[in-house]
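In order, the protein sequence lines correspond to chains A and B.
Just so it is clear: in the first sequence, position 14 is 14 by our numbering, and no numbers are missing.
Position in the second sequence (first residue = 1) + 254 = our numbering.
Warning: the hint list may mix true and false statements.
[What the hints assert, rightly or not] Below 25 Å or equal to it, Euclidean Cα-Cα: the simulated SDA-like pairs (lysine to any residue) are:
#: 1; chain 1: B; residue 1: LYS384; chain 2: A; residue 2: LEU47
#: 2; chain 1: B; residue 1: LYS317; chain 2: B; residue 2: GLY287
#: 3; chain 1: B; residue 1: LYS418; chain 2: A; residue 2: TYR6
#: 4; chain 1: A; residue 1: LYS51; chain 2: B; residue 2: PHE398
Since the hints were made in silico from the structure, they are not lab data.
The model shown is predicted, which means the values in this text are computed figures rather than measured ones.
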Amino acid sequence: MNVQAYILSGIVESYVLGLASAEEKMEFENMCIQHPEVLQARINFELVLEKQAMEGIVAPPAALKQAIFSEIRAEAKVVTMQEPVPVKNINWLKYAAAACFILLAGSIYWNVSLTNKNNRLQREYEGTVAKLADMEKDLKMISQNPAIKMAAMKGMPDVPGAFATVYWDTTSKDAYLLINNLPVPASDKQYQLWALLDGRPIDLGVIANEYFIRQDRLLLKAKNTQNAQAFAITLEKKGGNPTPEGKMVVKGDL
Amino acid sequence: MNFKPTYSEVELVALLQEQSEQAFSYLYDNYSGALFGIINQIIPDKEIASDILQEVFVNIWRKISTYDAAKGRLFTWMLNVARNAAIDKLRSKGYQDSMKNISMPEDVTAISPSVKMQADDYGLRRMINKLKDEQKIVVELSYFQGFTHEEISKSLNIPLGTVKTRIRSALTLLRTMIQA
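Using the sequences and the hints given, assemble the complete structure.
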């Protein structure tokens, strides 16, 4: 193709003025890429056209610029109002997911702690039921057994609040101790129960110090004694003594 | 003296594509008069032309991302946006009903009044007024009234090839006139 003839054919003006067909446009754009002189001819005509147009200026109404800016700003507002919607949704989902996670974590924690608490309560309940059953058994044993004799041991003058009770089965010769109120002994000391027969002390055993902590039994089973006139508790060294050496805390006659 | 920034075309396009209101304001201040001029050549009614100019600038703002510098200068693009908007209005039913007299002419003589030189003719229109009548008519109908070559051929009852040749020769002549 003769490029100069192409330039002079009127295609340049036709293209720039927007009168070329789609086919002509495509061909012209290709020619501009391949032949710089075609591109230059296009630019030259564009500049002439612009110069002509600038000579034909007609002042638009003064208020028009403001009207245009109002319109594009209103449009910008619509755009910014539309934009946050998906963002908001994402946020909502994020927050909802976070809330769900927190609720789930909280629920799991709550479940675990409830399970733990429930297990603990279950154990405590079972322990309490067993303890109550033991106490009821003890109570039945001393209250419904006509062979039981009771010795109320009162505090010595230096421990007036101290009080304990011995139930002695005259038939089985079993002795049971009820500690109504005794001071908690020092850890290197233990209370020891004695039966007194004709002024002679008979060892009925030491009271485990754990009792004062747990108090899980109503009655403490003491050693058997074939006979007794009175009972007494002394505070002895840990493990007890064959004969009382410590001071007497409580004493009562049968 | 007011300082006004000036932009190179590349800068201006880049700023407009970033939706810079300052650049858009510059564009309006520098080109609204020229675009209003081209719209007025197609739609003489100032009020309607003013509405079209508003539409044109809003469209330039909206569609600046579609402008391709490889296909022409920014002004050429804007000029064609303005011309197309004015022709759309010219050919709309509402406008034709209100104007009555502007419709596809049935014969050559009917075109003559609209092609007749006016006192306030300027720019491209003033240039085409220097062309021969048969060239003037085809340029008027195609460029200022937006008729296709086929429509012109049918209307003027001349072969399609002749329409194309006349337009081309008119534009070639235009070119030599400009360069003279």
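Hint check results:
1. B:LYS384 to A:LEU47: 20 Å, holds
2. B:LYS317 to B:GLY287: Cα-Cα ~20 Å, so holds.
3. B:LYS418 to A:TYR6: 15 Å, holds
4. A:LYS51 to B:PHE398: This hinted pair holds, its Cα atoms lying about 18 Å apart.
The structure agrees with every numbered hint stated previously.
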